[in-house]
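Q: Use the sequences and the hints to build the structure in full.
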Amino acid sequence: MSSRFESHWSGFRRLPHLARPSGRLYALCLESREETAALALYLREEGGSALLLSEDMPLDAAFETSLESGCCGLVYGRAEQFLAGPQPQERTPWEPSLLQHSSGTTGRSKLLRRTWAEIAEETADYNRALEQAGAGADSGLTTVVLAPVSHSFGLLCGVVATLARGAEPVLAPARNPKAMLAALREHPRHLVYGVPLLFHLISSLAGEGMRFHRLLSSGAPMTEPLFKRLQAQADTLMQQYGCTELGCVSLSARMAGVQDIGTELGRFEARAGGGPDEPAELTLRRRGPLAASSGEYGRGVGASWRPLSAAEKRSGERRPDGIVLPDPGGRLPERGAAAAQAEFRTGDLAYRAEDGGLRLVARADDVINIGGRKVYPAAVERALLQVAGVREAVVYGSRHPVMGERVSARVVADGSVGEEAIREACRRLLPAYQVPAAIALVSSLPALPSGKISRARLRREEES
Amino acid sequence: MPREARRSGLRGLMEQDLGLGQLPERLDDGLRLAEDLGLDSILVMQLIVWIEVRLGLAVPDAEVDPRALATVGSVLDFMGELRPLAAEGKG
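From first to last, the protein sequence lines stand for chains A and B.
Oh and the first sequence: position 138 is 138 in our numbering, straight run, nothing missing.
Oh and the second sequence: position 23 is 1023 in our numbering, straight run, nothing missing.
Be a bit skeptical, because a hint or two may be false.
To be verified - Sample of chain A residues at the chain B side, in silico, Cβ under 10 Å: (1) Glu-31; (2) Glu-55; (3) Asp-56; (4) Pro-148; (5) Pro-177; (6) Leu-201; (7) Leu-205.
What the hints assert, rightly or not - Some residues of chain A that are not near chain B, with every Cβ distance over 12 Å (derived): (8) Pro-16; (9) Arg-128; (10) Ala-167; (11) Arg-175; (12) Ala-256; (13) Gly-273; (14) Val-367; (15) Ser-416; (16) Glu-419.
Keep in mind that the hints were calculated from the coordinates and are not lab data.
We put the beta carbon where it would ideally sit given N, CA and C, even for glycine.
A: See below:
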């Protein structure tokens, strides 16, 4: 299959720094999403590796990150612009891969690596799930990607999986939400990849006549009001759950509510709590390796690479700069049954609903402990959002010298309600121990670039 | 909308809708959105939405040149080229 992205490749081959990328790791921080996707696919084809950096990263930070991560250099702004590191010819000691930093919701971000071969397997698994959800190759849907392609959701689920189904994804303009809306109007039978924040923006701009077809959300849970609004504006709301370590883990073909992350993909066996009152940490175990169909990835998979020495295998993995990473490729089934059997802990609390689907309740770290009783931030946020005048709310646990922990809230309100009125309203909606002890009225909530709000960061801010 | 009205409209959006505290006393043309005022790409997208929804200026359907969203002056120029929503019709 030949995609429009491949038309960029002959240009890449003429650039000295990209002519022979096999075995080398490049950091990518490009203005154009089209070019980011084309270059990542080119590196996969040629047996190179790519580290994806957020497109609005300033040059100095991007270059520093690329050096810290052991890249041969940084492609910045446009494919023609290359900043070589001190060892531009250095080859990676591992199979050609895609590298990313994890989102950092839980703390400092980590550098994570997945081989292109693993990604091909994930892609096949993902496309089977989409097929079952009625959004596969025969559905006649046009993939429109609003999410950044510098993250796996946009690049792998949006671009790579669509290409593997033999279709061409549309990459919506990245800066103007009005232009995103125009792209959706142009392709009325769309399957849209976005995060709640982007859906919030386009939904506020959508006029009376605008109808969304299939919206696929990921990255952060939707708020209740956004879910309700989108339900009225769209034919189908879908949601998927995943992480940078494993790719997409589960998919909901039709969201029953904001917590609905659907059923796990074929390669996983998920364990979670038995019901809404007893959520437990969501853990995942891999089933046996699934074969990817051929032709879904480039030559990269078979390209030559220097195997790890016995010492490197024992100690994790050596980066070109000599830093040892803690076992980033340990999940590869070829590397031993033990690794494949290992359970992956997501750090998220979930339960299995009666329909067989998973429901995500909270991040385990975000659960607030009030004298032994558990408070789930989302439940308190739901109550806050029912209070007239409250527009947005985030709830988190902060330390209290006597109580240990207490429930804190930051609330964006329209000016008609004060802290005491909000607390009073909460008393009618929640058991006393769940009512926020501290409510701060703020003008906006701090979001990470992914649109997530880091409750851990709010907690840390308050402690420092 | 005259330029100074746009400037105060922009200030209102930044303070009330984007929640940016501690803006300089005057939003001078030369101030950079990212470096001087702390707007990341998400806030810039929100700003575009508010320009249309709150100020009633119809944002075009085409992608916006990043240079139009680089400084206070360039945003005021950008706003100056927009027609009122009513003239464009909804949707």
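Q: Is the interface hint satisfied for Glu-55 of chain A? The criterion is a beta-carbon contact with chain B at less than 10 Å.
A: Given a least distance of 8 Å, the restraint on Glu-55 of chain A holds.
Q: If you take the shortest Cβ to Cβ gap from Glu-31 of chain A to chain B, is it below 10 Å?
A: It holds, given that the least Cβ distance between Glu-31 of chain A and chain B is near 8 Å, below 10 Å.
Q: Given Pro-177 of chain A as an interface hint, is the shortest Cβ-Cβ distance to chain B below 10 Å?
A: For Pro-177 of chain A, the interface hint holds, since the closest Cβ of chain B sits about 5 Å away, which is under 10 Å.
Q: In terms of Cβ atoms, is chain B entirely out of 12 Å range of Val-367 of chain A?
A: holds, 27 Å
Q: Taking the least C-beta to C-beta distance, is Leu-205 of chain A closer than 10 Å to chain B?
A: Interface hint status for Leu-205 of chain A: holds (6 Å vs cutoff 10 Å).
Q: Mind verifying the non-interface call on Arg-128 of chain A? Its CB should be farther than 12 Å from each CB in chain B.
A: holds, 33 Å
Q: Over 12 Å from every CB of chain B: does Gly-273 of chain A meet that, or does the non-interface label fail?
A: Correct as stated: the minimum Cβ-Cβ distance to chain B is 33 Å, above 12 Å.
Q: Go through the hint on Leu-201 of chain A and say holds or violated, using the shortest Cβ distance to chain B against 10 Å.
A: For Leu-201 of chain A, the interface hint holds, since the closest Cβ of chain B sits about 5 Å away, which is under 10 Å.
Q: Beyond 12 Å from every chain B Cβ: check whether that's true for Arg-175 of chain A.
A: Arg-175 of chain A is in fact no farther than 12 Å from some Cβ atom of chain B, at 5 Å.
Q: Hint validation: Pro-148 of chain A versus chain B, beta carbon distance must be below 10 Å. Holds or violated?
A: OK, holds: Pro-148 of chain A within 10 Å of chain B, min 9 Å.
Q: Does the no-contact call for Ala-167 of chain A survive, Cβ to all of chain B over 12 Å?
A: Ala-167 of chain A is indeed farther than 12 Å from all Cβ atoms of chain B, at 23 Å.
Q: Would Ser-416 of chain A pass as off the interface with chain B, using Cβ distances and a cut of 12 Å?
A: holds, 14 Å
Of the numbered hints listed earlier, the single one contradicted by the structure is hint 11.
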